[in-house]
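There are 2 protein chains.
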Amino acid sequence: MFEFEVQHTDGRARIAQFHTPRGTVTTPMFMPVGTQGTVKGISPQELTDIQSQMILANTYHLMLRPGEALVEAHGGLPGFTGYPGPFLTDSGGFQVMSLGHMRKITEAGVVFKSHLDGRMVDLSPERSVEVQQALGADVIMAFDECPPFPAEREYIERSLERTVRWLERCLTIKSRPEQALFAIVQGGIHLDLRARSLELTLPFGTPGFAIGGLAVGESKAEMYPAVAFTAQHLPEQRPRYLMGVGHPEDLVAGIALGVDMFDCVYPTRTGRFGYALTDDGRLNMNSSAPRTALEPIDPDCDCYACRQYSRAYLAHLVRAEEMLAPRMLSLHNLRYLHRLVERTRRAIETGTLHDWALAWAQRYFKGTVPEWFLRALDTGKSMQGGGVR
Amino acid sequence: MFEFEVQHTDGRARIAQFHTPRGTVTTPMFMPVGTQGTVKGISPQELTDIQSQMILANTYHLMLRPGEALVEAHGGLPGFTGYPGPFLTDSGGFQVMSLGHMRKITEAGVVFKSHLDGRMVDLSPERSVEVQQALGADVIMAFDECPPFPAEREYIERSLERTVRWLERCLTIKSRPEQALFAIVQGGIHLDLRARSLELTLPFGTPGFAIGGLAVGESKAEMYPAVAFTAQHLPEQRPRYLMGVGHPEDLVAGIALGVDMFDCVYPTRTGRFGYALTDDGRLNMNSSAPRTALEPIDPDCDCYACRQYSRAYLAHLVRAEEMLAPRMLSLHNLRYLHRLVERTRRAIETGTLHDWALAWAQRYFKGTVPEWFLRALDTGKSMQGGGVR
Numbered sequence: 015m016f017e018f019e020v021q022h023t024d025g026r027a028r029i030a031q032f033h034t035p036r037g038t039v040t041t042p043m044f045m046p047v048g049t050q051g052t053v054k055g056i057s058p059q060e061l062t063d064i065q066s067q068m069i070l071a072n073t074y075h076l077m078l079r080p081g082e083a084l085v086e087a088h089g090g091l092p093g094f095t096g097y098p099g100p101f102l103t104d105s106g107g108f109q110v111m112s113l114g115h116m117r118k119i120t121e122a123g124v125v126f127k128s129h130l131d132g133r134m135v136d137l138s139p140e141r142s143v144e145v146q147q148a149l150g151a152d153v154i155m156a157f158d159e160c161p162p163f164p165a166e167r168e169y170i171e172r173s174l175e176r177t178v179r180w181l182e183r184c185l186t187i188k189s190r191p192e193q194a195l196f197a198i199v200q201g202g203i204h205l206d207l208r209a210r211s212l213e214l215t216l217p218f219g220t221p222g223f224a225i226g227g228l229a230v231g232e233s234k235a236e237m238y239p240a241v242a243f244t245a246q247h248l249p250e251q252r253p254r255y256l257m258g259v260g261h262p263e264d265l266v267a268g269i270a271l272g273v274d275m276f277d278c279v280y281p282t283r284t285g286r287f288g289y290a291l292t293d294d295g296r297l298n299m300n301s302s303a304p305r306t307a308l309e310p311i312d313p314d315c316d317c318y319a320c321r322q323y324s325r326a327y328l329a330h331l332v333r334a335e336e337m338l339a340p341r342m343l344s345l346h347n348l349r350y351l352h353r354l355v356e357r358t359r360r361a362i363e364t365g366t367l368h369d370w371a372l373a374w375a376q377r378y379f380k381g382t383v384p385e386w387f388l389r390a391l392d393t394g395k396s397m398q399g400g401g402v403r
Numbered sequence: 015m016f017e018f019e020v021q022h023t024d025g026r027a028r029i030a031q032f033h034t035p036r037g038t039v040t041t042p043m044f045m046p047v048g049t050q051g052t053v054k055g056i057s058p059q060e061l062t063d064i065q066s067q068m069i070l071a072n073t074y075h076l077m078l079r080p081g082e083a084l085v086e087a088h089g090g091l092p093g094f095t096g097y098p099g100p101f102l103t104d105s106g107g108f109q110v111m112s113l114g115h116m117r118k119i120t121e122a123g124v125v126f127k128s129h130l131d132g133r134m135v136d137l138s139p140e141r142s143v144e145v146q147q148a149l150g151a152d153v154i155m156a157f158d159e160c161p162p163f164p165a166e167r168e169y170i171e172r173s174l175e176r177t178v179r180w181l182e183r184c185l186t187i188k189s190r191p192e193q194a195l196f197a198i199v200q201g202g203i204h205l206d207l208r209a210r211s212l213e214l215t216l217p218f219g220t221p222g223f224a225i226g227g228l229a230v231g232e233s234k235a236e237m238y239p240a241v242a243f244t245a246q247h248l249p250e251q252r253p254r255y256l257m258g259v260g261h262p263e264d265l266v267a268g269i270a271l272g273v274d275m276f277d278c279v280y281p282t283r284t285g286r287f288g289y290a291l292t293d294d295g296r297l298n299m300n301s302s303a304p305r306t307a308l309e310p311i312d313p314d315c316d317c318y319a320c321r322q323y324s325r326a327y328l329a330h331l332v333r334a335e336e337m338l339a340p341r342m343l344s345l346h347n348l349r350y351l352h353r354l355v356e357r358t359r360r361a362i363e364t365g366t367l368h369d370w371a372l373a374w375a376q377r378y379f380k381g382t383v384p385e386w387f388l389r390a391l392d393t394g395k396s397m398q399g400g401g402v403r
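One line per chain: the protein sequences are A and B, in this order.
The first sequence runs 15 to 403 under our numbering.
The second sequence runs 15 to 403 under our numbering.
It is possible that some hints are incorrect.
Same chains, same label: a pair holds when it works inside one copy or across any pair of copies.
Said to hold, decoys possible - Derived pair list, reagent style SDA-like, types lysine to any residue, alpha-carbon separation capped at 25 Å:
#  : residue 1 : residue 2
1  : Lys54     : Leu308
2  : Lys380    : Asp293
3  : Lys188    : Asp294
4  : Lys54     : Thr306
5  : Lys127    : Glu335
6  : Lys127    : Ala334
7  : Lys54     : Ala334
8  : Lys395    : His247
9  : Lys54     : Met397
10 : Lys54     : Asp293
11 : Lys127    : Leu308
12 : Lys188    : Met111
13 : Lys188    : Ala148
14 : Lys188    : Gly90
15 : Lys54     : Asn298
16 : Lys54     : Gln322
17 : Lys234    : Phe16
18 : Lys234    : Ala373
19 : Lys54     : Asn300
20 : Lys54     : Tyr318
21 : Lys54     : Arg321
In short, the hints are calculated from the structure, not lab data.
Predicted, not measured: the structure shown is a model, and the values here were computed from it.
Modelling step: build the complete structure from the supplied sequences, incorporating the hints.
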């Protein structure tokens with residue numbers, strides 16, 4: 015269980031089979047986010063159709079509503095949500111931290127005010143694991159502290175040490191062998207603090223490791239050296255999960271740097287706002303050009319929206335505020351990211367990731383590929399260096 | 015083309031095959047409403063899965079946005095919306111009439127203020143047919159005047175005569191043999207005016223006839239004698255379409271009275287409001303009971319929502335205001351109506367409609383079957399009488 019078999023590498027990038035109780039998934043992979051037990055607007059059958067593999071669900075939201083007991087009464091997330099494949103739950107830590115003044119953090123855990131009814135709720139390493147065991151995902155996450163950006167160096171350092179103590183408490187209470195608990199490496203954008211977090215976290219030997227605390231406000235130029243450094247120092251034979259990150263350019267850069275798993279609300283959220291992801295960048299369906307265009311969003315895409323509809327029809331749905339618009343744009347955007355990852359896999363298999371990614375980026379960024387992206391690709395190609403500038 | 019072959023009868027109720035250019039449909043049938051070129055939240059594939067047959071689209075909405083030219087550029091409604099089967103378009107008359115002070119009716123037609131941008135727009139018999147030809151539905155409707163309820167008898171009488179003159183103008187300009195134009199019988203709840211409208215309308219010999227001007231505010235006890243009378247006097251060998259009517263009890267009573275076609279926004283609208291249709295009446299998914307119920311909405315239903323989800327999960331989606339809630343409840347409600355019609359067909363085939371409908375109503379109305387419903391069933395069973403009390 016939870017073996018991670020690397021099958022191909024190209025620079026730091028790799029393709030692997032990750033075995034979970036509910037099925038084997040191929041990495042790199044993008045995980046759609048089903049915050050409240052549903053990927054917004056998308057059915058389980060559609061997730062299967064677009065070749066989603068693992069779905070993320072949020073502990074914070076589900077513990078507050080409908081409560082983990084009801085999910086457990088359905089036999090866990092697959093029975094509750096109808097998606098039969100593997101799930102990953104976060105720990106609730108990130109959501110709780112972002113409540114700002116509505117929460118108080120101590121060594122014991124976090125006390126916070128529910129955004130639903132204002133009642134005070136406790137969340138601790140023990141409680142997070144208890145809830146995640148009831149939710150029944152295949153992969154569960156350690157309860158960590160994710161410092162805001164910017165934060166004092168000293169705060170980040172104290173916080174990453176507390177995260178390690180919390181990891182230990184999570185592992186002590188965890189009792190279900192059918193669930194893998196991933197540790198989370200923190201340290202912000204400071205490579206020495208990342209090194210410190212790695213030093214303290216790696217000895218726990220968890221079946222996977224996450225890179226946490228990024229994409230919280232720092233620039234991509236600040237973020238990617240931390241991704242590169244952390245990914246490089248994580249064990250080869252364990253999956254690496256870059257939490258909460260998943261714009262198209264992040265998938266390509268992250269995969270080049272050896273990241274295996276991603277999740278992000280971006281494809282569904284931007285879909286609800288009327289945008290379609292394409293190799294030419296983000297297409298605004300509210301603009302005038304799509305309104306009369308008889309071609310699909312992407313002629314190469316095999317999603318239902320691209321097989322069935324013209325841009326003009328989808329633009330009409332957006333303008334008419336029809337529910338089918340967010341539904342179809344979310345579906346397409348998820349499929350776009352899955353296809354993007356599949357394309358990186360084919361490039362890895364043939365040892366051409368760097369060139370493929372550069373060509374993709376030339377088109378995606380309309381000729382002006384940002385420095386941070388080029389640097390990530392170059393770092394990913396070289397087996398040395400660790401992303402330090 | 016447009017043959018209507020009656021295969022079974024049971025009292026006034028009948029089963030028929032109605033041949034259209036885009037396929038043969040079996041009546042009685044309920045037509046989902048795709049006002050703006052989409053049945054709200056539902057994909058064409060889902061419409062096929064739940065065995066929808068013919069889809070209604072609204073001329074008023076589509077002529078204003080995106081405009082009929084764009085729909086025609088897609089090859090008509092099937093190419094635009096992705097639903098490959100037969101369509102019916104209304105004439106725009108009903109919507110325009112309901113604009114109240116924002117429209118002016120003359121013998122020439124109606125001038126109205128667009129609800130989208132306030133510009134003044136003309137709609138006439140000629141323009142309605144022109145737009146409907148561009149939209150390309152299989153069945154198109156005559157441009158009629160639908161009086162409000164209550165209305166003066168004299169107004170209704172003048173109006174139904176104008177509707178006949180408008181019908182003549184529609185038929186004069188109509189040029190596409192692949193489209194059938196249905197005439198509309200008016201007359202409100204006055205049986206003598208219905209008789210007058212029938213007398214003036216039937217000679218046109220259109221391939222189908224609609225019963226218009228009902229379900230506009232009158233009670234069911236006032237409405238059903240008009241349905242019974244009109245349906246009884248329409249030709250046996252032409253489909254009869256009761257416009258804008260489609261609560262479950264209306265389908266059962268209308269079918270008993272010899273109606274073949276129905277449409278209504280009710281199943282999708284009540285679904286968006288969080289209600290599920292069942293044989294036990296309308297289930298409020300916002301109430302407390304469904305929140306912990308592990309069974310499906312309806313164990314006998316074969317829709318995706320009932321095969322996949324518990325009431326508790328769907329109630330969670332409703333409370334969490336997740337898009338999947340209106341989508342799944344709309345899907346179930348449409349399938350409920352299609353299944354209800356299928357069940358009446360099986361009863362007609364075995365000559366048991368009256369008893370089946372009575373048993374269904376006992377449960378649906380929780381023991382207190384209303385007088386109008388019983389009367390409709392009795393009238394439907396008797397071949398004489400015409401619903402006059």
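Hints, one by one, checked against the model:
no., hint, result
1, Lys54 <-> Leu308, "between (27 Å within a copy, 22 Å between copies)"
2, Lys380 <-> Asp293, "within (10 Å within a copy, 57 Å between copies)"
3, Lys188 <-> Asp294, "neither (45 Å within a copy, 45 Å between copies)"
4, Lys54 <-> Thr306, "between (28 Å within a copy, 22 Å between copies)"
5, Lys127 <-> Glu335, "between (34 Å within a copy, 21 Å between copies)"
6, Lys127 <-> Ala334, "between (38 Å within a copy, 18 Å between copies)"
7, Lys54 <-> Ala334, "both (20 Å within a copy, 11 Å between copies)"
8, Lys395 <-> His247, "within (16 Å within a copy, 81 Å between copies)"
9, Lys54 <-> Met397, "neither (39 Å within a copy, 52 Å between copies)"
10, Lys54 <-> Asp293, "within (23 Å within a copy, 30 Å between copies)"
11, Lys127 <-> Leu308, "neither (50 Å within a copy, 29 Å between copies)"
12, Lys188 <-> Met111, "within (22 Å within a copy, 66 Å between copies)"
13, Lys188 <-> Ala148, "within (11 Å within a copy, 65 Å between copies)"
14, Lys188 <-> Gly90, "within (16 Å within a copy, 59 Å between copies)"
15, Lys54 <-> Asn298, "both (20 Å within a copy, 22 Å between copies)"
16, Lys54 <-> Gln322, "both (21 Å within a copy, 16 Å between copies)"
17, Lys234 <-> Phe16, "neither (31 Å within a copy, 63 Å between copies)"
18, Lys234 <-> Ala373, "within (20 Å within a copy, 67 Å between copies)"
19, Lys54 <-> Asn300, "both (20 Å within a copy, 19 Å between copies)"
20, Lys54 <-> Tyr318, "both (16 Å within a copy, 17 Å between copies)"
21, Lys54 <-> Arg321, "both (21 Å within a copy, 20 Å between copies)"
Hint compliance for this structure: hints 3, 9, 11, 17 are not met, and every other hint is.
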